[in-house]
Amino acid sequence: AQTVTQSQPEMSVQEAETVTLSCTYDTSENNYYLFWYKQPPSRQMILVIRQEAYKQQNATENRFSVNFQKAAKSFSLKISDSQLGDTAMYFCAFMKKTGNTPLVFGKGTRLSVIA
Amino acid sequence: GAVVSQHPSWVICKSGTSVKIECRSLDFQATTMFWYRQFPKQSLMLMATSNEGSKATYEQGVEKDKFLINHASLTLSTLTVTSAHPEDSSFYICSARGDLTYEQYFGPGTRLTVT
Numbered sequence: 549a550q551t552v553t554q555s556q557p558e559m560s561v562q563e564a565e566t567v568t569l570s571c572t573y574d575t576s577e578n579n580y581y582l583f584w585y586k587q588p589p590s591r592q593m594i595l596v597i598r599q600e601a602y603k604q605q606n607a608t609e610n611r612f613s614v615n616f617q618k619a620a621k622s623f624s625l626k627i628s629d630s631q632l633g634d635t636a637m638y639f640c641a642f643m644k645k646t647g648n649t650p651l652v653f654g655k656g657t658r659l660s661v662i663a
Numbered sequence: 261g262a263v264v265s266q267h268p269s270w271v272i273c274k275s276g277t278s279v280k281i282e283c284r285s286l287d288f289q290a291t292t293m294f295w296y297r298q299f300p301k302q303s304l305m306l307m308a309t310s311n312e313g314s315k316a317t318y319e320q321g322v323e324k325d326k327f328l329i330n331h332a333s334l335t336l337s338t339l340t341v342t343s344a345h346p347e348d349s350s351f352y353i354c355s356a357r358g359d360l361t362y363e364q365y366f367g368p369g370t371r372l373t374v375t
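Chain order of the listed sequences is Y and A.
So for the first sequence, this note's numbering puts the first residue at 549; every next one is plus one.
So for the second sequence, this note's numbering puts the first residue at 261; every next one is plus one.
Because the hints were derived from the structure by calculation, they are not lab data.
Incorrect hints may appear among the rest.
For lysine-lysine, the following DSS-like pairs were computed, each having C-alpha atoms within a straight-line distance of at most 25 Å [what the hints assert, rightly or not]:
no., chain 1, residue 1, chain 2, residue 2
1, A, Lys315, A, Lys326
2, A, Lys280, A, Lys315
3, Y, Lys644, Y, Lys618
4, Y, Lys645, A, Lys280
5, Y, Lys644, Y, Lys621
6, Y, Lys626, A, Lys301
7, Y, Lys655, Y, Lys644
8, A, Lys315, Y, Lys655
9, Y, Lys644, A, Lys315
10, A, Lys274, A, Lys326
11, Y, Lys655, Y, Lys621
12, Y, Lys655, Y, Lys645
Take a look, some chain A residues computed to stay more than 10 Å from chain Y by CB distance [to be verified]:
no., residue
13, Lys301
14, Ser303
15, Leu336
Only a predicted model underlies this, so the values are computations on that prediction, with no experimental measurement involved.
Every residue, glycine too, gets a C-beta built ideally from N, C-alpha and C.
Just chain Y, with the same shape it has in the complex (with noise of 0.2 Å):
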């Protein structure tokens, strides 16, 4: 079974600063997607990136990015120029490429943008 480990359960920064969120991963399998979701206070699931395994390059979406270590099974999140509205729970997702799989969530970590 898959084990998703989200280490920080709350964060802070400042606004316009950059924040990273940790988390890691256990499997054994080799083809799979890991995500990271943001849930605001209206807790409408909202995908912010993802990163496909085979891939070695890490995912960049706007001021949102990833360090993905495929050997360490590490698979973080860089907040850049921290905006109030990024305050939300950040979750860490994987899924399995091969069936009809569903997601495996880690406890979330709750940011905290500040002014």
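Start from chain Y and add chain A according to the hints.
Coordinates of chain A only, in the frame set by chain Y:
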């Protein structure tokens, strides 16, 4: 991106009654839908996976007779909480995935309060 709706967005019911939550994919055919439950300040917990036209697969510890899931069409899945108890009060989220795609699209969630 694709849109998934849930109805109702919130519902209050009395103990012992049943309540139905609908999850609809509005602009794509959802071959698979997932139902999650989320307690305050916690992560999403997968309850069941449903494929169109077949019985849902429930996660360990989830009572299939209490949480009835029906996925009768490619755009609609329903979760019925039967004989509701106050401990069933929670936030229920559905997600949907189309055929030949790995991405899941989340509904906005339904807040259930059982009095």
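What hints, given by number in increasing order, does this structure fail? 4, 8, 13, 14
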